[in-house]
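Once you've looked at the hints, dock chains G, Z and S with the ligands against the given chain R.
Chains as they are written, first to last, in this note's numbering: chain R, 324 to 647; chain G, 324 to 647; chain Z, 3 to 352; chain S, 3 to 352.
Incorrect hints may appear among the rest.
No more than 25 angstroms apart at the CA atoms, straight line, and that leaves these computed lysine-lysine pairs for DSS-like [as the list claims (entries may be wrong)]:
#1 R:Lys503 <-> R:Lys365
#2 Z:Lys202 <-> S:Lys146
#3 R:Lys365 <-> R:Lys399
#4 G:Lys365 <-> Z:Lys267
#5 R:Lys517 <-> R:Lys503
#6 S:Lys262 <-> R:Lys365
#7 G:Lys497 <-> Z:Lys262
Rather than coming from a laboratory, the hints here were simulated on the basis of the structure.
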Amino acid sequence: MVQMTYRDALRQALRDAMTEDDRVLVIGEEVGRYGGAYGVTKGLIEEFGPDRLLDTPISEPAIVGAAVGAAMAGLKPVAELMYVDFIGMTMDQLGNQAAKIRYMFGGQIGVPMVLRTQGGTGRSAGAQHSQSLEAYVLHTPGLRLAMPATVADAYHLLRGALRQPDPVVFIEHKALYTLKEEVDLSSPVPDWGKAAIRRRGDDLVIVTYSRQVHNALKAAQDLSERGIEATVIDLRTLNPLDFDTVRTEVERVGRAMVVSEGVMTAGVAAELSARIHEECFDFLHDPVVRVAGEDIPISVSVALEAASVPTPALLRETAERLVA
Amino acid sequence: MVQMTYRDALRQALRDAMTEDDRVLVIGEEVGRYGGAYGVTKGLIEEFGPDRLLDTPISEPAIVGAAVGAAMAGLKPVAELMYVDFIGMTMDQLGNQAAKIRYMFGGQIGVPMVLRTQGGTGRSAGAQHSQSLEAYVLHTPGLRLAMPATVADAYHLLRGALRQPDPVVFIEHKALYTLKEEVDLSSPVPDWGKAAIRRRGDDLVIVTYSRQVHNALKAAQDLSERGIEATVIDLRTLNPLDFDTVRTEVERVGRAMVVSEGVMTAGVAAELSARIHEECFDFLHDPVVRVAGEDIPISVSVALEAASVPTPALLRETAERLVA
Amino acid sequence: MTQTALRATSGPAPRHNSDLRELYTQMRRVRTFEERVGELFVRGQSAGSMLHLSIGEESAAVGVCATMRQGDTFTTHHRGHGIFLARGADPNRMMAEIGGKETGYCHGKGGSMHIADMGLGHLGANAIVGGGIPAVVGAGLASKRAGKGDVSVAFFGDGAMQQGILYESMNMAALWDLPVLFVCINNQYGMGTHIDQATKGRELHLRARAFGLQGETVDGLDVTEVREAAQEVMDGARTGQPGFLAVECYRFFGHARMDKSPYRKDEDEALGRQKDPVLHARAALIESGTEAGDLDALDRGIEAEMDQAIDFAVASGEPPLASMFRDVYGPDEPEPEPVRTRIDRVLARE
Amino acid sequence: MTQTALRATSGPAPRHNSDLRELYTQMRRVRTFEERVGELFVRGQSAGSMLHLSIGEESAAVGVCATMRQGDTFTTHHRGHGIFLARGADPNRMMAEIGGKETGYCHGKGGSMHIADMGLGHLGANAIVGGGIPAVVGAGLASKRAGKGDVSVAFFGDGAMQQGILYESMNMAALWDLPVLFVCINNQYGMGTHIDQATKGRELHLRARAFGLQGETVDGLDVTEVREAAQEVMDGARTGQPGFLAVECYRFFGHARMDKSPYRKDEDEALGRQKDPVLHARAALIESGTEAGDLDALDRGIEAEMDQAIDFAVASGEPPLASMFRDVYGPDEPEPEPVRTRIDRVLARE
Ligand SMILES: Cc1ncc(C[n+]2csc(CCOP(=O)(O)OP(=O)(O)O)c2C)c(N)n1
Ligand SMILES: Cc1ncc(C[n+]2csc(CCOP(=O)(O)OP(=O)(O)O)c2C)c(N)n1
Ligand SMILES: [Mg+2]
Ligand SMILES: [Mg+2]
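Chain R with its partners taken away, still in its complex shape (with noise of 0.2 angstroms):
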């Protein structure tokens, strides 16, 4: 057991696969030399020098693109995004080639790439530089897309992104960079692609991920002294999603809320809302309650930026209502 934040497990991450397997090498803005906007590639261009460790241009299309082609030919790449804000300019390059390339080239061959990038509030970034995007992933068949809550899962997730064939978006969260917990890395966590139930209780089930599992942890907590008892699942991988674990929690419990930082319409709590309702109907007391970010884009005002999206009270109080 150590004590590690979110930030050394992920460089943990890439440290291990690096000397593991020599494909692999990372390619972004600032990735090198620098160490990354957020410190997590820090001192691995030291260790694996710059053939490894790509600084790139400022080119965000072309970086994608480049570790598309280069996964295609033999390498695996970890591109990276400095802020998941800026996938919307690379999202021809995610979307119409690294997510069907597969496909339309008739299964010959695959786009194993992994994207990191980081998005969420909690510095007081502004418009372009807090939001939460996932959403645009999970609606573009072929990528996969993992949101790591934990230390652990921050090192496990983007272990387990690096040996799928597929190309995997891996979004860290800004705020946890800093989060430190007791961890044993060789330990086994869920498998890739499940579910992890946080805490379990008998009055609602909150399904969330990434830096939401930690609010609604805190919140049911401040549930437990009231009396009310929550289940908190934390998907880990929006895509694969892991249903089986959110159903067979529904059923037992009844009740369920889902919790997202992105914008609430159109967005991923509308995605599980849906899917719990659909296929769970006939165990829900109540309808499924969404927890989302405001259909509104975050101000850099610090006041105006954490009461965009959902604050542990918020989550406490619905739950509250929900479940009375």
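Coordinates of chains G, Z and S with the ligands only, in the frame set by chain R:
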């Protein structure tokens, strides 16, 4: 009353808007001399000249970006994206610029532009020319979204889009251009932002938009012959979304099916399904069924393409089973 | 015959007759393939409303591919039949793919605009203008690491000179000294737009040079000249000096099948078509002693080859419906659940 | 004082002393503003972890803005305080915006990276590298139509030279003969990456020329030289010949507040900081007869102005929570429904 095609109605809307307001200009690939890849702007360059119909280089990001700047500078640009499949190249200019400028700048200025494009299957144009990507737009606060199904709406929604203070993504359907209907372009249609009830029945509500309205109406016809009467709601605009009409009908009838040509996961159908379940839960006899595009890319093969999206037959069968 | 391109090495281009004959043969194969492909439509066998013929551009495909060798990789734009053929593709499987048939290169999923063959280093045609360009940067990275001197070539049209991703890619290739070649087949048009209506700086190679690449432009009339110019930039690329080559030619027909090019004058079109690399090579062969009858026989052989390809495509079946869910993800991954299955689960309540 | 830039006309730049003094004043205002802005952090009043100082680049902002006139529009990159100030911005409202306060230019929603003022033609700063560039093409279209000779200027860093959208935009501007100017403030770095590690073709203006623009590079040490070079391309732009100007300078401090530039050597940094346009102008003023004490007084006046701006920002309040839903859409449109309202509706069952 005139017989008119969807294509001609769109052209008429542009013509009328350009005649009324000389700030309106059309900007895009092949919109001038060529008359548009699908012929929508044919002849307009002769009427309005090359300063009002700007043939651009093949530079989608800059086309959208230029439209943003033109709108801020007081023009009313109608930018054209030849296929909605190319929206991935422009999502930064659309989502980070057009959608957020009013907000980020504290309401100083808006971006009254229209991005006309077309999507959907029907011409075996392959994986990169057949998509329905409206969910990306719907998930982006600040962007309005209109998707006409009828000839009258092709006209009126485009006129309406040009009256908006905010950026509107206007998605036509490639399989509808030759649709011919009797219309009176001067007669009132539902206002911008209001859904239309295209058919009324007491057994279930089908909520849809764009080409699937026609599939739904075909299915409803067949259902009627089997004694099942469906209400068909054509949303017309997805943002704003007229949920009041949906709610009223679903609460009246108690059963709903939502239909979208876009891929199912995290798509428009998910949003509609979540919302109906949430807000009409106590009125529902059964869960809302989503019928949507398969979670796969579109093949060029005629047979596979057709099977990748909802057909009238699938709608009918599903409705029958739902009501049974 | 299709192996010639693969065997071509990077030595200087000999200008003797048998060499030109081979280039002519390859160009004629492309020309005939393209002339025949329309028949798929006539016979109601073509999937895809979008079919882009490279007639008039054969020297670009054949001249550049003649400098490529096994191990090299490439991507093409939507008008890529000729390039793929010149690189050694099987016309049968190409024709079948264009017809959306199971026996095609991509089992009927890709079609004309999304054809690929990893065996021949074809990393894929693309229906996104400029979409295939950055992949050669990644493939070039892989080649550079492997150190075998393999080059990755991006083929694209003049239209892609207007896409920003080209410049990002050229910048990366130059920065990293990658074995990469950018080939712009400048057929003067992007759909109905003449290049003069789309770009002001007409010396396209100067753009590449400004990014630090070796940049050249060559007239596409004479295939041997194209090959020579290609050889020069290819030699540079093999040694880590990325290059750019613009081949000036003319798009003989409309943009796609339905386009009758009303936007250009008949006279201009006639003039443009005078720049015919196939006829030019033929004339040169005859001038240097080849019998016309000999070439006629060669041409007829090629016609037979392409007719057979049509027959092959027509005789092939549609892909099975179940294949629809295949190859979205890797072979050991579960297939996406069909919508019907999901509906079944929703409706299967008791 | 802030009106000077607006009054500047497009005549030749007189090199006499009072003129230089004005340029110095503007540069000093920028310098002092940037030196002061950090205090907002110290006082816990700055919203935004991202604050990019333009110290060392004052000649670019002031030299170019001196050639702009009322009616001109512009966009900037994330390092745009200096440009906006040089164009006439009110330091109070700027400082308040950087602090995320209600009294700021954007009511605290935008912050340092998203500041704008339509009154001064500022179409917006941008946190997306290259994101604000194409807007000047559209604004240029509008200007060209209006026919008043107004120019739209895109300011950006050397990093944006790596973004494809710049080349798309330059191509359009050239093609359409737009009154547009592209100004690259080359401070040698994009975050921790030196330009030599990001680009091979270092003569950036050659790229612009290859697209058909008038392209120049000028050293940023001497603000009058910058202004002269800017005047030349600006004159071209006013008459429909789009231009490009690279201003060579040095980023004195880290990329953003927390960056201590460990990726560059202290010696190099010291060397780079010798290229100080403010000190250079000051020395020139003194050399040509201005008393140092006179300039000291001027500087102190500016310090007072900026201190007051800090006080203004600190004294200003946060935007009210309800403003969160404002201005997502036009003023007559309904505001987006808060998540809480939606939850209320879901839970309000009986
Ligand atoms: C990103 C994108 N924009 C637009 C199109 C529509 N389109 C298809 S081909 C074409 C013209 C391309 O011209 P060029 O690159 O010169 O190739 P050519 O057709 O002349 O071979 C256009 C605009 C597209 N497929 N992709
Ligand atoms: C599209 C995009 N990519 C990356 C970033 C992260 N980023 C912010 S500033 C910057 C460096 C920009 O360098 P330059 O354009 O030279 O401007 P400077 O900071 O030197 O003024 C980077 C990479 C961003 N904001 N936007
Ligand atoms: Mg062309
Ligand atoms: Mg810089």
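Satisfaction of hint between lysine 365 of chain R and lysine 503 of chain R, Cα-Cα up to 25 angstroms
17 angstroms, holds
With a cut-off of 25 angstroms on the C-alpha distance, tell me whether lysine 365 of chain R and lysine 399 of chain R pass.
20 angstroms, holds
Distance restraint between lysine 202 of chain Z and lysine 146 of chain S, which requires alpha-carbon spacing of 25 angstroms or less:
18 angstroms, holds
Lysine 262 of chain S and lysine 365 of chain R: Cα distance at most 25 angstroms?
Measuring from Cα to Cα gives roughly 15 angstroms; hence the hint holds.
Regarding the pair lysine 517 of chain R and lysine 503 of chain R, is the alpha-carbon distance no greater than 25 angstroms?
Status holds; Cα separation ~23 angstroms.
Starting from lysine 497 of chain G, check that the Cα of lysine 262 of chain Z is at most 25 angstroms away, please.
With a Cα-Cα distance of about 21 angstroms, the restraint between lysine 497 of chain G and lysine 262 of chain Z holds, given a limit of 25 angstroms.
Sort out whether lysine 267 of chain Z lies within 25 angstroms of lysine 365 of chain G, counting only the CA atoms.
18 angstroms, holds
Against the hints set out earlier in the document, no violation occurs for any number.
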